[in-house]
Structure formats: structure tokens, C-alpha cells
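Trainee: So the chains spell out like this:
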Amino acid sequence: MKTLFAATSTILALGLSPAFADNTLSLEGKTIGVAVVGTQHFWDREAFNGATSMVEELGGTVVPVDGGRDNQVHADNHDVLMNRGVDAVISILGDGSVEPKFEALQAANIPVFAVDHPSPYAVNNTTSDNYYMGTTIGRYMADAIGGEGKVAVFNAFENSLRICGIRTGLWKYVLQDYPNIEIIQPELAEEFANAPEDARRQTLDLLSQYPEGTIDAIHVGCWDQPAIGVVQALEEAGRTDIVVTALDGGPETLEIMAEDDSPFVANVAQQPRLIGQTAAENVARYFAGETLLPQTYVDVIPVYGQDGAKAAYSKLGYGEIE
Amino acid sequence: MQVSARHQKHRLATLVGFLPLIIFLALLLYVGLNAPNFMTVVNLKLVLAQSLPVVLSVIGLSAVVMAGGDDVVSGGIDLSTPATAVLCAGIVSVMTTAGQPLLIAAGASLIACMLVGVVNAVLITRLRMAPLLATLAMFVAVVGINNVITARKRLNLAAESIASLRQDFVFGIPLGILLVAVLALLAYHFLHRSKWGLNLQAAGGSRDAAEISGIRVDRLVAQTYLLAAFMGFVTGFFMLARANGYSPGAQDNLMLEMVLATFLGAAFSPRRIVTVWGAILGAVLVAAISIGLKTIGVNVFWTDLIKGALIVIVVALSAISERVQ
Chain R
1 MKTLFAATST
11 ILALGLSPAF
21 ADNTLSLEGK
31 TIGVAVVGTQ
41 HFWDREAFNG
51 ATSMVEELGG
61 TVVPVDGGRD
71 NQVHADNHDV
81 LMNRGVDAVI
91 SILGDGSVEP
101 KFEALQAANI
111 PVFAVDHPSP
121 YAVNNTTSDN
131 YYMGTTIGRY
141 MADAIGGEGK
151 VAVFNAFENS
161 LRICGIRTGL
171 WKYVLQDYPN
181 IEIIQPELAE
191 EFANAPEDAR
201 RQTLDLLSQY
211 PEGTIDAIHV
221 GCWDQPAIGV
231 VQALEEAGRT
241 DIVVTALDGG
251 PETLEIMAED
261 DSPFVANVAQ
271 QPRLIGQTAA
281 ENVARYFAGE
291 TLLPQTYVDV
301 IPVYGQDGAK
311 AAYSKLGYGE
321 IE
Chain A
1001 MQVSARHQKH
1011 RLATLVGFLP
1021 LIIFLALLLY
1031 VGLNAPNFMT
1041 VVNLKLVLAQ
1051 SLPVVLSVIG
1061 LSAVVMAGGD
1071 DVVSGGIDLS
1081 TPATAVLCAG
1091 IVSVMTTAGQ
1101 PLLIAAGASL
1111 IACMLVGVVN
1121 AVLITRLRMA
1131 PLLATLAMFV
1141 AVVGINNVIT
1151 ARKRLNLAAE
1161 SIASLRQDFV
1171 FGIPLGILLV
1181 AVLALLAYHF
1191 LHRSKWGLNL
1201 QAAGGSRDAA
1211 EISGIRVDRL
1221 VAQTYLLAAF
1231 MGFVTGFFML
1241 ARANGYSPGA
1251 QDNLMLEMVL
1261 ATFLGAAFSP
1271 RRIVTVWGAI
1281 LGAVLVAAIS
1291 IGLKTIGVNV
1301 FWTDLIKGAL
1311 IVIVVALSAI
1321 SERVQ
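Chains as they are written, first to last, in our numbering: chain R, 1 to 322; chain A, 1001 to 1325.
Honestly, the hints are just simulated from the structure, not real lab data.
Each hint should be verified, as a subset may be incorrect.
Chain A side only, calculated, beta carbon under 7 Å to chain R, not exhaustive [to be verified]: (1) Lys1009; (2) Asn1034; (3) Asn1037; (4) Asn1253.
So the derived label-pair ranges between C-beta atoms look like this [as the list claims (entries may be wrong)]: (5) R:Asp307 / A:Glu1160: 52 to 60 Å; (6) A:Leu1256 / R:Lys315: 18 to 26 Å; (7) R:Ala107 / A:Ala1181: 41 to 49 Å; (8) R:Glu235 / A:Glu1211: 39 to 47 Å; (9) R:Glu212 / A:Arg1128: 44 to 52 Å.
Counterexamples of contact, computed for chain R against chain A with all Cβ distances above 12 Å [stated by the list, open to error]: (10) Phe42; (11) Asp216; (12) Asp299; (13) Val300; (14) Gly317.
Each residue gets a CB set at the ideal place from its N, CA and C atoms; glycine is no exception.
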């Protein structure tokens, strides 16, 4: 009920026609393919669950496919959906591999509704306000280190995923106004699968390269799974004076932020389930004849410090942290 | 009395021997009856198209297993092929993105891939390392080298002509499928019909006997690792076409599917040995089942369990039938 209320309020906030309020939307008799790049991470799983549950709630049938965190498999899954003959596809995440698949689906008159993947071949893309995420985390990180110091950044996806380009690009844009903040070169590149363990190893290597006092912050440019490993490495090495910032704010990272003396100080939390639900509702709006804007933005919640993490955790409905 | 018991046992073994294939075909039939558009030509093309990288890499792997023997631990195996494939894809992507002509990029990646094959061959035939360990180590090392080269970043396809492997047709048949079919036929001819191939099988069957009859086993084994590296090189281009560029991390899934397909193929073959045809059949059937499960709309959280259980059952049946025999 709470999520339904949240969904309704977002739709109203988006200024969409009240004639298409929740109770009139329907996917009765429609088969909707839902393709997700992976289901290992909270964000992906929540967006996927949000989309599939909303399609079913609206009376539609779901054909789910999971890429197992392999972008090629994820792209191939779109072919399976096309051949299966679905009425529409909701495609969650994915890199450039999916573009030819989107193009083929469009040519076959199967509308594509993307999540976190703007594409000329998609009817609409539902995403967080990535611009706000990027600038906010830039300001928060600069504040956390007193406006000066050396920062290492995990930035594997700035050039390959548009959402990451926005987030990291705007983080860098903010840092332009802090001439005393230096980004350590070369930037680090995290793995897409097994991100926490990989980031832990890379952080330990980084720490041995940069002795105490020569590095002030570690930022993860587009998400926060690697930050789990970063914090582990800092704790193992006893270097928790280094500030950690990242984006996404799922329950597992908010919990880390809520610990006493956590180095993980700032985040911007997304609402992945609501994003998935909104994408499914957009499909229904499309079939109801409504014209959709190219992008649907879902609100984010900035999180700063231990108390902020606890508050966001509760606000997002993940429970209470004592 | 004893004779008839043995006879019955033999019949039982034959039946159990066919069970893996029967189970797979039954499952395919079930999927075909329940999944819309599954038993169509378009879907057959889809199954073949999606299995191409696995088919190419199992050609190399089955040659290695045939020459080195099919004991998974001590026999011939090349786990580095998927890494060689992504190395090829990585080098070609980085160089063509930097504006180099495709031919130069392909040449450079061919040299790099064959170097991997040479190192494998030296480690295994000169230093006598266990192939499983040597090639697993090479897998890790080559993926590492590739991460350095590509900085682990996604690179979109810069050489458009590679996309023809995905989208072009010749006589109504997708070009990629046609090319792989030709390569598969060639591989079948050389591995199962030529003198070289027969020597290879003799070496894998019994190394000592082969050496006594004058076959230079080490040389043959080394050649199969070079062949596997070359197949990795070819696979790289198909992966580039498939992903419309280089996406990091594709080696893990390919490794799993390559090994599974090759040894599933052995379970399908009446004599339980690794063959090129068995491995290719394994690759295609695994792709078909995967696509089938997705088409029916199986819960994604169950798909891996179902696939895993199916493979365990098939391989277990194969082992049982061998013991009964």
C-alpha cells in the first residue's frame, strides 16, 4: 500500500494526466518481456521485481529473462523475447550490446521501455535523476574532506553507460570548483561482476601505493557495490580515516554507513523498485494511447552521515537501524 | 544363465547410455509444445546464432581433449580458450577504436593469441605441467593482460565490417552460421577423417601405444593447443559481433558453457568419448534448452538450478552406464 501510494504520488508529481491514474491502467491480455542484466545486486533485483510485480498487478503476463550479469547474455535475451513474441519489452540496464537488439525490436513493432539505458530505439527510459545524483555526491564528498585532498575514483563505466557518464561527469564538474582536490591518475576500473571482492583487492593495492596521509577519499562513480569492498579494505588496513562516497544507497550499503565511525559518509539513494514499477506503468500508459516523454525521472534521496543513513533506511521502507 | 545376465546388463547399459540424449530431447519436446514460436526456423537460427562462440571454442577444446586423453584432471584440457577469445576481442577493439585498420588489428591479435597457444604448449609438453593447472593459470593471466589493454572498459564496435558476422545473409543463411558450419566441417574432417586426426585419437587413447607405433605425441599435443588458441582468436570476432563491441567479463560464462558442452557431448556419444560432433551438439542443445526455458517464462531465480540439475543428471547417467558396461 505504501509503495502504491509512493508510485501514485510520483506519477502525480510528474504531472501526468489524472485520467490515467493507477486504477484505470491495465495490461490485461498483454505479454511483457522483462530483461534484466543480472539479479545478484540489490538494485537490479529490486528494479526487476518492481517491474515484474507491477506487470502482474496490472493483469499482464511476464516473460522474465536474466543476463546473469553478463552484458552479452543480456543482449541475446532480447532476441529470445522477440522470437517468443511479446507485446512489449522492459529492458533493465545493459551496455552498448543491447542497441542492435532494441533496433530489431523496434523494427518488429515491439516497443521497448528501458530502465537506466537511454536509447533512440526505446519509447521511454525510466531512471533516477542522475544529474542531481552526480552534483550532490560531488558537493558531499568535497565537504567531507574539507574541500581539499587527493581522491581515488572507481570509474569503469563513464564512457560506456550513459547514466554513469552523467553521474561521474557531473561529479567531476563540481570538483572543478575545488582546485585543491586532485583526482588520482590513472582512475581505477571496477569489475562488473564480483564488484565488492574485486574493489577490496584493488583498494588494498592502492593503499600500499599511497601511504597514510597521502590519500583522502575513495569515490565510486556510478554505484556502490564496489564501496562494500572498499570499506572492508580500509578496515583491514586500519585506514578508516579515508572517506568513502558512492551512489545507489541500497539497504546493505546504508547499513555500512550507519555503523559507528564508518568511513562511508555520503551516498545518494535511489528507489529501484519504484523505478521498475514506473517502467511497467509506462508500458500500460503507452498501450492506453498516452504519449510518453522520452525520460521519466524518479526521485532520489541524498544521504549524509550515520544519522542520514538511518533516516534514509527507514524512509525507504528497509526497516529501522538501532 | 550367466550369459543371459551379462546380456541383460549390456542391454541395460545401452538403455542408460541413451538416456542423456532421450532426457534432452524430451525436455526440448516439452519446451517446443509449451513455448510459443519455439519450433520454428527463426528460433532454430536464434539457437544456432547464440551458440556460435561456444561451438567455435569447443572445436578447439575437443581437439585438445582428443589428443591429451579425456581424464578431466590428468588428460588434455584447455581452459584458456575463452580468455584468448576475449583477448582477441579486446585487442581488436582497442586498436580499431584508436583508428588502426581492421587488418592490422586482426594481425596483432592473431600473434597475441598464437603466443598464448605457444606458451600453453611449452608449459604442457616441455615443462610437463598438468594441463588443467597450466591452462587455468593462463586463463587468469590472459584475462589480466586483457584488463590492462582494455582498462576493463566497454568499447563499442569501431570496425563496422565485423557486424556482418551478426547481421549479413548469404543465400538466405546468416553469414555467421554459415562460416561456423564450414569451420565445423573442416574440423570434423581433420580431427576424425585425416591421418593427423587418427594419430591424435590414438595418442589420446593410449599415449604409450601411440609412441611405440612411432607417433610423435608431444608434437601432436602441442599442435592441438595451437589449434585451440586459433579457435579462440576466431571466437573473439564472433563475440565482438554478438556484443556489438567489447564487453568486459564475457570469458566466465563462455568457459562454463565450453567445458559443459564438450563433456556433455561425450555423454551423448555411444562410446562416452569426446568428439567434435558431440561437443557441437552439446553446445547447440545447451543453447536450445536455455532459450527454451526463457521462452516458457521460467522464473529467473530457478533457471540456473534447472540447468545445473539437468547437467548433473546427464553426466551421472553417463558415468553409471560406463560402470555397468
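Trainee: The structure should be examined with respect to each hint, and the outcome stated for every one.
Mentor: Okay, the hints, checked on the actual structure:
1. Checking A:Lys1009 against chain R: minimum C-beta separation of about 42 Å lies over 7 Å; hint violated.
2. Of the supplied interface hints, the one on A:Asn1034 is violated, with its beta-carbon coming no nearer than about 11 Å to a beta-carbon of chain R, more than 7 Å.
3. Interface restraint check: A:Asn1037 against chain R, minimum CB-CB distance 5 Å, threshold 7 Å, status holds.
4. Against a cut-off of 7 Å between C-beta atoms, the interface hint on A:Asn1253 holds, since the closest Cβ of chain R lies about 5 Å away.
5. At roughly 54 Å, the beta carbons of R:Asp307 and A:Glu1160 sit within the given window of 52 to 60 Å.
6. For the hinted restraint 18 to 26 Å between A:Leu1256 and R:Lys315, the CB-CB distance of approximately 41 Å leaves it violated.
7. Our hint of 41 to 49 Å for R:Ala107 and A:Ala1181 is violated, since their Cβ atoms are close to 26 Å apart.
8. The hinted range of 39 to 47 Å is not satisfied by R:Glu235 and A:Glu1211, whose Cβ atoms lie roughly 57 Å apart.
9. Between R:Glu212 and A:Arg1128 the Cβ separation comes to about 47 Å, which falls inside the hinted range of 44 to 52 Å.
10. Once the 12 Å rule is applied to beta carbons, R:Phe42 is consistent with being away from chain A; the minimum gap is 14 Å.
11. Listed as a non-interface residue, R:Asp216 keeps its Cβ farther than 12 Å from every Cβ of chain A; the least gap is roughly 24 Å.
12. At roughly 28 Å from the closest C-beta of chain A, the C-beta of R:Asp299 stays outside 12 Å, upholding its exclusion from the interface.
13. With a minimum CB-CB distance of about 24 Å to chain A, R:Val300 clears the 12 Å threshold, and the non-interface call stands.
14. No beta-carbon of chain A comes within 12 Å of the beta-carbon of R:Gly317; the shortest separation is about 22 Å.
Hints 1, 2, 6, 7, 8 from the earlier list are contradicted by this structure; the remaining hints agree with it.
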